[in-house]
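Construct the entire structure; sequences and hints are all you get.
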Amino acid sequence: MSSYSVTEPSARQKWFAGTLVVLYAVITILPLLWIIGTGFKSPSDAIAYPPKTFFEPTLEGYVNLFTTRTRVTEEQLKEMGEPKTWYERLVRKDGLIIAGPSRFPERFYNSVIIGFGSTVLCIVLGTAAAYAFSRFKVPLKDDLLFFILSTRMMPPIAVAIPIFLMFRSLGLNDTHAGMILLYTAVNLSLSVWLLKGFIDEIPIEYEEAALIDGYTRFQAFYKVVLPQAATGIASTAIFCLIFAWNEYAFAVLLTSGTAQTAPPFIPTIIGVGGQDWPAVAAGATLFLVPVMVFTILLRKHLLRGITFGAVRK
Amino acid sequence: MAQIRIENVRKEFGAFTAVQSSSFTVEDGEFFMLLGPSGCGKTTTLRMMAGLELPTSGQIYIGGEEVGMKRARERDIAFVFQMFALYPHMNVRKNISYPLVSQGMKKADVAARVAEVARILRIEGILDKPVGGLSGGDRQRVALGRAIVRNPKAFFMDEPLGALDAEFREHMAGELRALHDRMGATTVYVTHDQLEAMQMGDKIVVMNHGVIEQFGRPQQIYDWPATKFVAKFIGSPSMNFLEFEGMIGVGGDSIDLGGKKVTVPASREGRAGTLSLGVRPEHVRFVDDSSYRGRVIAVEYLGTTQIVTIDTPNGEIKARTPSSQAARTDELVGLDFNARTLTLFNAETGRALVSEANEGVQRRG
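If you're matching them up, the sequences are chains A and B in order. If you use this note's numbering, the first sequence corresponds to residues 1 to 313, in order. If you use this note's numbering, the second sequence corresponds to residues 1 to 365, in order.
A portion of the hints provided could be inaccurate.
Claimed, not checked - According to the in silico footprint, chain A covers these stretches of chain B (three or more CB under 8 angstroms from chain A):
1) 44-56
2) 93-102
Claimed, not checked - Using 30 angstroms as the maximum straight-line C-alpha spacing, the simulated DSS-like pairs for lysine-lysine come out as follows:
3) A/K223 - B/K106
4) A/K223 - B/K153
5) B/K106 - B/K94
6) B/K94 - A/K223
7) B/K94 - B/K70
8) B/K70 - A/K137
9) A/K300 - B/K129
10) A/K78 - A/K93
11) A/K300 - B/K94
Unchecked claim - Just a few of them, taken from the derived set where beta-carbon distance is under 8 angstroms, the chain B residues facing chain A:
12) R73
13) F81
14) Y87
15) H89
In short, the hints are calculated from the structure, not lab data. In this text the structure is predicted, and so the values were computed from the model without any measurement. We treat Cβ as the ideally placed atom computed from N, Cα and C, and that holds for glycine.
As structure tokens, then:
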């Protein structure tokens, strides 16, 4: 008979847990894989029934995503001679020519500016506020903290109309600054609360040691507290970025031209030249990349961040 | 190094008074213990000396300079925390050199100082390790290294051995004391452990409820406690108190304890009413022909000595006697006390009556 441990899971338990995790991973990643796959399908493959799991990959979706195209007659096509590039050849097949670049890169750029801009602002303001709440005697501290949290107690979109009117009179409609400000306002409460928790966990002795070692309060803050809070800051940044990056409703309402982000733009691709699902899927795939890269870069911190403070070290 | 003087220092947190008006002096080069139970204000006192708290009123002098309202970094002192507070994102070398870097010292000089400190503390081998993986003792040494590297005017330590396990604490206490003797640095050390205080301190301040109960050398405090609190807090088992109704006049040198005449050091003050006779357990003797008798209730064997608990007409007391002296439960024993070591207390106020034996040490700090 083999001895068994109380804390070490048995082989069967491990197998069961493993299966569960794999199953869950497959379920969550399947739609993602399907979208990535659809991006490489031809339009007819994309809407084929029964759905095609195996297909001949093409970059048509990506070409369509980045270009605008117009239909021309066969005579005109012949007059133009041989296509010069691989993507022109791809487009000509359907009797189309490339009329110019699409607005996708601009929209993508807007998303990056607004998403990362609001995240940075959220972290800077959030860390400062959280540090103050954590370390200083703030009058009405608990009430203020509750007030900050209460801004998240209704769905932000409930105040869409007032915000729209406010933005219009302030001239913030369809501007980067306006969107950064809006997403920062929505995320800041989360950021303050999360970061306060992380900073609370950092023993005050570290700062006191630095103060005695000859540093000013501010030096102690950025040389000792900030490196300690890196984990919390990273996970908070991920949460803020994901929200700002994916936000759709406000983006539809408040942006149309200069500051439009990718989420409201991607669905508009559908309307151009039939239901172009591969282009939409291509847009969605590219749209995923920054958040994915950001999350993978900070993954180590994120994992530590979520379990932070749960176990006394 | 410097003398530290505390004058009428007081600290209030809102309505709560953490430290009542306190005064004492730490002489240059002294190893000075702030001793008391938790919440007695000892840590607050230390933090005020270090500049981590500002006193509500009073003056603090370090090396003759009034620093009460100065920032910690302007006081030129070093602090060792109970949890060490080593910067976790730096390795040992960086931790130790950090206070020097803040002063803008040249790199070569920093390296030389760090090497010297590492040699003193015998931690040359771990200089490039991260502090996370260090043992408790090594962390302690690094924390000390960070303190001594700067050659500050004084060292302040807040229960620096509290986080170590018992066996190692003993060892570090010895190391700490040896380090102090070698460097001769003025050191103020906070602890709640009376043994640690007695073992290491040149001088001890005993605090309770924000009040300084007594101030003096370890032996003075042990032999001649100023209050019942000090008598109980220091020594294990603590001092026995035999309560009785009686009186003693100025110059009186005996009391009447349940019919037995007990000789005490000649009193300098008179008092009638409820008194407490304070006897250290090791000063209780078994004398067969004594008229003052008690019943043995328990015997704890401790190797060379034993602790005998005795029920007397004036309450339960403990005696420390040689193990060779037989004592059986339920036995009636005659008791006698070593006259030169007794202290009489006013049972109501808890203050010791001044006698010829303790008058030299009964001046409150």
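Against the structure, the hints come out as follows:
no.: 1; hint: 44-56; verdict: holds (count 3)
no.: 2; hint: 93-102; verdict: holds (count 3)
no.: 3; hint: A/K223 - B/K106; verdict: 20 angstroms, holds
no.: 4; hint: A/K223 - B/K153; verdict: 25 angstroms, holds
no.: 5; hint: B/K106 - B/K94; verdict: 14 angstroms, holds
no.: 6; hint: B/K94 - A/K223; verdict: 13 angstroms, holds
no.: 7; hint: B/K94 - B/K70; verdict: 27 angstroms, holds
no.: 8; hint: B/K70 - A/K137; verdict: 20 angstroms, holds
no.: 9; hint: A/K300 - B/K129; verdict: 22 angstroms, holds
no.: 10; hint: A/K78 - A/K93; verdict: 12 angstroms, holds
no.: 11; hint: A/K300 - B/K94; verdict: 24 angstroms, holds
no.: 12; hint: R73; verdict: 5 angstroms, holds
no.: 13; hint: F81; verdict: 5 angstroms, holds
no.: 14; hint: Y87; verdict: 6 angstroms, holds
no.: 15; hint: H89; verdict: 4 angstroms, holds
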